[in-house]
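K.L.:
Letter by letter, the chains look like this.
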Amino acid sequence: MQEENEDILEQITSSEYKYGFVTDIEADEAPKGLSEETVRFISAKKNEPSWMLEYRLKSYRHWLTMEEPVWANVGYPKINYQDIIYYSAPKQKVTLNSLDEIDPELRKTFEKLGISLDEQKRISGVAVDAVMDSISVATTFKEELSKVGVIFCSMSEAVQEHPELIKKYLGSVVPATDNYFTALNSAVFSDGSFCYIPKGVRCPMELSTYFRINAANTGQFERTLIVAEEGSYVSYLEGCTAPMRDENQLHAAVVELVAMEKAEIKYSTVQNWYPGDKEGKGGIYNFVTKRGICAGAYAKISWTQVETGSSITWKYPSVILKGDNSIGEFYSVAVTNNYQQADTGTKMVHLGKNTKSRIVSKGISAGRSNNSYRGLVSVAKNASNARNFSQCDSMLLGDKCGAHTFPYIEVKNNTAQVEHEATTSKIGEDQIFYCNQRGIDTESAVALIINGFAKEVMNQLPMEFAVEAQKLLAISLEGSVG
Amino acid sequence: MLKIENLQARIEEKEILKGINLDIKPGEIHAIMGPNGSGKSTLASVLAGRADYEVTGGSVSFMGKDLLDLSPEDRAKEGLFLAFQYPVEIPGVSTTNFIKSAVNEKRKYLGLEPLDAVQFLKTMKEKMKLVEIDQSLLSRSLNEGFSGGEKKRNEIFQMAMLDPKLAILDETDSGLDIDALRIVANGVNQLRNKDNAFLIVTHYQRLLDYIVPDFVHVLYNGRIVKSGTKELAFELEEKGYDFIKAEVNEATA
Numbered sequence: 001m002q003e004e005n006e007d008i009l010e011q012i013t014s015s016e017y018k019y020g021f022v023t024d025i026e027a028d029e030a031p032k033g034l035s036e037e038t039v040r041f042i043s044a045k046k047n048e049p050s051w052m053l054e055y056r057l058k059s060y061r062h063w064l065t066m067e068e069p070v071w072a073n074v075g076y077p078k079i080n081y082q083d084i085i086y087y088s089a090p091k092q093k094v095t096l097n098s099l100d101e102i103d104p105e106l107r108k109t110f111e112k113l114g115i116s117l118d119e120q121k122r123i124s125g126v127a128v129d130a131v132m133d134s135i136s137v138a139t140t141f142k143e144e145l146s147k148v149g150v151i152f153c154s155m156s157e158a159v160q161e162h163p164e165l166i167k168k169y170l171g172s173v174v175p176a177t178d179n180y181f182t183a184l185n186s187a188v189f190s191d192g193s194f195c196y197i198p199k200g201v202r203c204p205m206e207l208s209t210y211f212r213i214n215a216a217n218t219g220q221f222e223r224t225l226i227v228a229e230e231g232s233y234v235s236y237l238e239g240c241t242a243p244m245r246d247e248n249q250l251h252a253a254v255v256e257l258v259a260m261e262k263a264e265i266k267y268s269t270v271q272n273w274y275p276g277d278k279e280g281k282g283g284i285y286n287f288v289t290k291r292g293i294c295a296g297a298y299a300k301i302s303w304t305q306v307e308t309g310s311s312i313t314w315k316y317p318s319v320i321l322k323g324d325n326s327i328g329e330f331y332s333v334a335v336t337n338n339y340q341q342a343d344t345g346t347k348m349v350h351l352g353k354n355t356k357s358r359i360v361s362k363g364i365s366a367g368r369s370n371n372s373y374r375g376l377v378s379v380a381k382n383a384s385n386a387r388n389f390s391q392c393d394s395m396l397l398g399d400k401c402g403a404h405t406f407p408y409i410e411v412k413n414n415t416a417q418v419e420h421e422a423t424t425s426k427i428g429e430d431q432i433f434y435c436n437q438r439g440i441d442t443e444s445a446v447a448l449i450i451n452g453f454a455k456e457v458m459n460q461l462p463m464e465f466a467v468e469a470q471k472l473l474a475i476s477l478e479g480s481v482g
Numbered sequence: 001m002l003k004i005e006n007l008q009a010r011i012e013e014k015e016i017l018k019g020i021n022l023d024i025k026p027g028e029i030h031a032i033m034g035p036n037g038s039g040k041s042t043l044a045s046v047l048a049g050r051a052d053y054e055v056t057g058g059s060v061s062f063m064g065k066d067l068l069d070l071s072p073e074d075r076a077k078e079g080l081f082l083a084f085q086y087p088v089e090i091p092g093v094s095t096t097n098f099i100k101s102a103v104n105e106k107r108k109y110l111g112l113e114p115l116d117a118v119q120f121l122k123t124m125k126e127k128m129k130l131v132e133i134d135q136s137l138l139s140r141s142l143n144e145g146f147s148g149g150e151k152k153r154n155e156i157f158q159m160a161m162l163d164p165k166l167a168i169l170d171e172t173d174s175g176l177d178i179d180a181l182r183i184v185a186n187g188v189n190q191l192r193n194k195d196n197a198f199l200i201v202t203h204y205q206r207l208l209d210y211i212v213p214d215f216v217h218v219l220y221n222g223r224i225v226k227s228g229t230k231e232l233a234f235e236l237e238e239k240g241y242d243f244i245k246a247e248v249n250e251a252t253a
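Residue numbers (this note's numbering), protein chains in the order written: chain S, 1 to 482; chain R, 1 to 253.
Just so you know, the hints here were simulated from the structure itself, not pulled from any lab data. Ideal Cβ placement from N, Cα and C applies to all residues, glycine included. There's no promise every hint is true.
Here are some of the chain R residues that sit facing chain S, going by a computed Cβ distance under 10 Å [to be verified]:
no., residue
1, N36
2, L68
3, R75
4, K77
5, P87
6, A102
7, K106
Keeping only pairs whose Cα atoms sit at most 30 Å apart, straight-line, the calculated DSBU-like set for lysine-lysine is [stated by the list, open to error]:
no., chain 1, residue 1, chain 2, residue 2
8, S, K281, S, K322
9, R, K122, R, K108
10, S, K167, S, K58
11, S, K58, S, K18
12, S, K381, S, K266
13, S, K18, R, K108
14, R, K122, S, K455
15, S, K426, R, K14
16, S, K455, R, K18
17, S, K18, S, K199
18, R, K108, R, K18
19, S, K167, S, K199
20, S, K278, S, K322
21, R, K108, S, K455
22, S, K32, S, K142
Here's a subset of chain S near chain R, in silico, CB distances under 10 Å, partners left out [stated by the list, open to error]:
no., residue
23, H420
24, A422
25, T424
26, S425
27, K426
28, I440
29, S444
30, A445
31, L448
32, I449
33, F453
34, A454
Could you put the whole structure together from the sequences, leaning on the hints where they help?
P.N.:
The following block contains the structure:
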């Protein structure tokens with residue numbers, strides 16, 4: 001950790017959003033706008049079976065009846081859904097026989113992002129599904145994983161190859177009708193990752209998906225589904241970046257996790273979508289629905305998120321604790337700077353007996369940003385002996401930003417124990433001066449202090465990504481202290 | 001090493017330092033004493049570069065450089081160390097990690113390679129003995145939940161790690177019991193050599209039983225009104241600050 005801190009100190013002096021480049025590659029796009037035609041277009045592009053098209057159309061029709069939610073503590077001009085391109089696929093050979101055949105431009109793009117699609121060069125122990133705009137361009141280590149029965153592939157492929165699993169689980173945790181953005185996603189989702197861990201298997205490597213938005217005026221609507229059968233274990237990580245553009249782009253994803261009896265899913269996110277410029281121009285609208293279900297007894301789902309990007313973040317990774325003795329965890333660091341807005345938190349729904357949940361949320365606001373924690377802990381009538389502990393800490397840098405906490409607690413069983421702790425602090429001038437007096441300059445001091453503040457969450461990240469995430473925290477706050 | 005000439009400083013509109021003159025040479029220990037509110041801690045803060053204070057006149061040269069022209073972090077890296085009266089807490093940042101950052105920032109400034117983990121640990125082990133500080137304390141968050149004595153010992157430990165040319169101890173003795181006082185003083189005495197210097201700011205004489213100063217200065221109302229050897233400290237202890245006040249008031253009357 002010590003050397004790593006050194007790196008952070010180095011990194012903090014480099015500046016701006018590092019991933020703002022655009023790849024010049026020909027794309028196969030749907031015409032702008034959303035209609036049944038668009039939905040059919042996407043489905044046809046993917047050669048989908050009719051049940052999938054039906055699912056999409058049903059979702060689309062439902063979406064038409066819905067209103068965009070306005071309850072979140074964020075503000076943005078009305079989105080014109082007819083002004084978005086719903087499908088954009090980088091053109092490459094239709095079928096790839098091996099990873100060597102990936103378009104060099106695409107390979108270069110992901111290499112620039114630090115993601116090697118070359119299995120030999122890949123850090124061992126991590127398999128990657130790389131998604132650019134609307135499609136998955138490559139998935140590594142598929143063969144090796146299949147030896148132990150783990151399925152890791154793009155969602156499009158899963159629809160073709162594993163229709164029985166998709167039919168069974170898609171929409172089982174997050175129904176299309178759940179909310180405005182899930183209905184939209186269910187209608188137009190174009191790709192994403194599917195993971196299936198068979199009974200009793202401990203997935204031998206980290207699985208990860210790297211999402212990249214490249215094309216202009218497009219939205220990215222990906223879909224992730226992870227199913228962990230009885231007694232299995234998987235750790236999954238997603239990362240995301242996008243070019244710097246003056247227009248806002250919409251990213252509305254749906255993630256569903258299913259953990260059977262004694263299964264464990266650890267889901268980590270390092271979210272670094274383009275946050276917009278210093279004046280708040282551009283950036284990604286990150287409107288995401290993530291939910292997991294502990295379907296069997298002693299199942300465990302753990303969400304860890306480091307949210308530094310996006311101009312607006314709206315997401316509440318949740319756990320439905322249905323199985324008795326199941327466990328849900330949510331660890332979050334959300335950083336907002338300049339004009340970024342974040343309304344994020346979790347829902348822990350206790351249905352089974354002896355279920356436990358733990359929420360640790362660290363919000364860091366700087367500039368003129370607004371950072372809200374919104375969380376629900378609900379204990380159903382039959383969920384005896386449910387336990388929850390929530391810790392929500394906010395840190396403010398400067399006096400023009402905001403930090404808000406909206407905890408909701410609904411308890412219908414009097415054996416429940418629900419604890420909530422919240423703190424708000426500022427980085428003190430005396431803390432900074434103390435660091436200065438030891439030879440540490442102000443920007444490095446801020447990086448040190450916020451990494452300390454966020455430590456409990458950062459410790460939850462898989463080792464391979466913890467360092468990157470620490471640097472990201474520092475970089476996101478660059479220039480936030482006078 | 002340090003030459004202060006006619007230094008004047010204020011906080012907001014209040015004049016606190018009204019013309020300080022002080023000359024510190026390598027190998028010397030100077031004590032600054034004085035009643036509450038005389039400007040002792042202000043002097044320490046101004047030298048370290050705390051932004052709350054505005055320097056309104058005078059000059060300070062440190063190792064041949066214009067100290068007032070340097071940022072607080074550069075002053076530190078040039079070899080000026082302040083042991084804080086009230087050390088701050090930084091949650092989640094281990095003391096070890098913090099000191100390592102500080103040590104390597106300084107090394108970078110001096111054009112040296114950063115210490116690797118092994119070298120760092122070795123240095124740390126040596127210095128830990130000096131201030132009788134426990135490893136377990138150093139792996140905890142910086143000063144968080146430390147007792148008063150532990151915080152002060154941690155200051156002296158950091159001083160040992162950073163090996164400054166000039167160390168300013170701002171009321172390091174306040175709130176220390178006699179054992180802690182002895183440990184702190186022991187640390188200072190072992191670190192003392194012909195090339196470094198100490199400026200010890202204290203209200204009481206008792207620390208000076210353990211760290212024997214070469215010079216004692218009395219600060220009153222923003223000025224050094226009397227300088228002498230260690231005997232001056234005994235005199236102050238015996239008579240209190242009132243006799244100084246009386247002398248000054250007489251002279252200005």
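K.L.:
It remains to establish, for every hint, whether it holds in the given structure.
P.N.:
Each hint tested on the structure:
With a cut of 10 Å, the hint placing R/N36 at the interface with chain S is violated, because the nearest CB-to-CB distance is about 20 Å. The criterion of a C-beta within 10 Å of any C-beta in chain S is not met by R/L68, whose closest approach is roughly 15 Å, and the hint is violated. At a threshold of 10 Å, the smallest CB-CB gap from R/R75 to chain S is about 8 Å, leaving the interface hint in force. The beta carbon of R/K77 is positioned within 10 Å of a beta carbon in chain S (closest approach about 5 Å), and the interface hint is therefore held.
The interface hint given for R/P87 holds, since its Cβ lies 7 Å from the closest Cβ of chain S, which is under the 10 Å cut-off. At about 4 Å, the closest approach between the beta carbon of R/A102 and any beta carbon in chain S falls short of 10 Å, and the interface hint on this residue holds. Taking 10 Å as the C-beta contact cut-off toward chain S, the hint placing R/K106 at the interface holds, the least distance being around 5 Å. The suggested pairing of S/K281 with S/K322 is violated, with an alpha-carbon distance near 43 Å, which exceeds 30 Å.
Between R/K122 and R/K108 the alpha-carbon distance is near 19 Å, which keeps this suggested pair within the 30 Å criterion. Under the criterion of a C-alpha separation no larger than 30 Å, the hint pairing S/K167 with S/K58 is consistent with the structure, at around 15 Å. For the hint linking S/K58 to S/K18, the alpha-carbon distance of about 40 Å lies beyond 30 Å, and the restraint is violated. Restraint check: the Cα-Cα separation between S/K381 and S/K266 comes to about 28 Å, which is no more than 30 Å; the hinted pair holds.
Only pairs whose Cα atoms come within 30 Å are accepted, and S/K18 paired with R/K108 is accepted, the gap being roughly 25 Å. The suggested pairing of R/K122 with S/K455 holds, with an alpha-carbon distance near 26 Å, which does not exceed 30 Å. Pair hint S/K426 plus R/K14 holds up; C-alpha atoms about 27 Å apart against a cutoff of 30 Å. Under the criterion of a C-alpha separation no larger than 30 Å, the hint pairing S/K455 with R/K18 is inconsistent with the structure, at around 45 Å.
Between the alpha carbons of S/K18 and S/K199 the distance comes to roughly 41 Å, so the proposed pair goes past 30 Å and is violated. This hinted pair does not check out: R/K108 and R/K18 have alpha carbons roughly 37 Å apart, beyond 30 Å. For the given pair, S/K167 sits about 19 Å from S/K199 by alpha-carbon distance, which is consistent with the 30 Å threshold. Among the hinted pairs, S/K278 with S/K322 is inconsistent with the structure: their alpha-carbon atoms are about 44 Å apart, more than 30 Å.
Between R/K108 and S/K455 the CA atoms are separated by roughly 26 Å; this keeps the pair inside 30 Å, and the hint holds. A threshold of 30 Å between alpha carbons decides the hint, and for S/K32 with S/K142 the separation of about 34 Å lies outside it, so the pair is violated. Interface hint status for S/H420: violated, as the beta-carbon distance to the closest one in chain R is roughly 19 Å, over 10 Å. Look at S/A422: its Cβ only gets to about 15 Å from chain R, farther than 10 Å, so that hint breaks.
At its closest, the beta carbon of S/T424 sits 14 Å from a beta carbon of chain R; the interface hint therefore is violated under the 10 Å criterion. Because the closest C-beta pair between S/S425 and chain R is about 9 Å apart, less than 10 Å, the hint holds. Interface hint at S/K426: violated, since its Cβ lies 13 Å from the closest Cβ of chain R, which is beyond the 10 Å cut-off. Taking 10 Å as the C-beta contact cut-off toward chain R, the hint placing S/I440 at the interface holds, the least distance being around 6 Å.
Annotation: S/S444 was flagged as interfacial toward chain R, and the flag holds, the nearest CB pair being 7 Å apart, inside 10 Å. The interface hint given for S/A445 is met, as the beta carbon of that residue sits about 9 Å from the closest beta carbon of chain R, less than 10 Å. The interface hint given for S/L448 holds, since its Cβ lies 6 Å from the closest Cβ of chain R, which is under the 10 Å cut-off. Hint status for S/I449 relative to chain R: holds, with the closest Cβ pair at about 6 Å, below 10 Å.
Interface hint at S/F453: satisfied, since its Cβ lies 6 Å from the closest Cβ of chain R, which is below the 10 Å cut-off. Because the beta carbon of S/A454 sits about 7 Å from the nearest beta carbon in chain R, less than 10 Å, this interface hint is met.
Hint check: violations occur at hints 1, 2, 8, 11, 16, 17, 18, 20, 22, 23, 24, 25 and 27; the rest are consistent with the structure.
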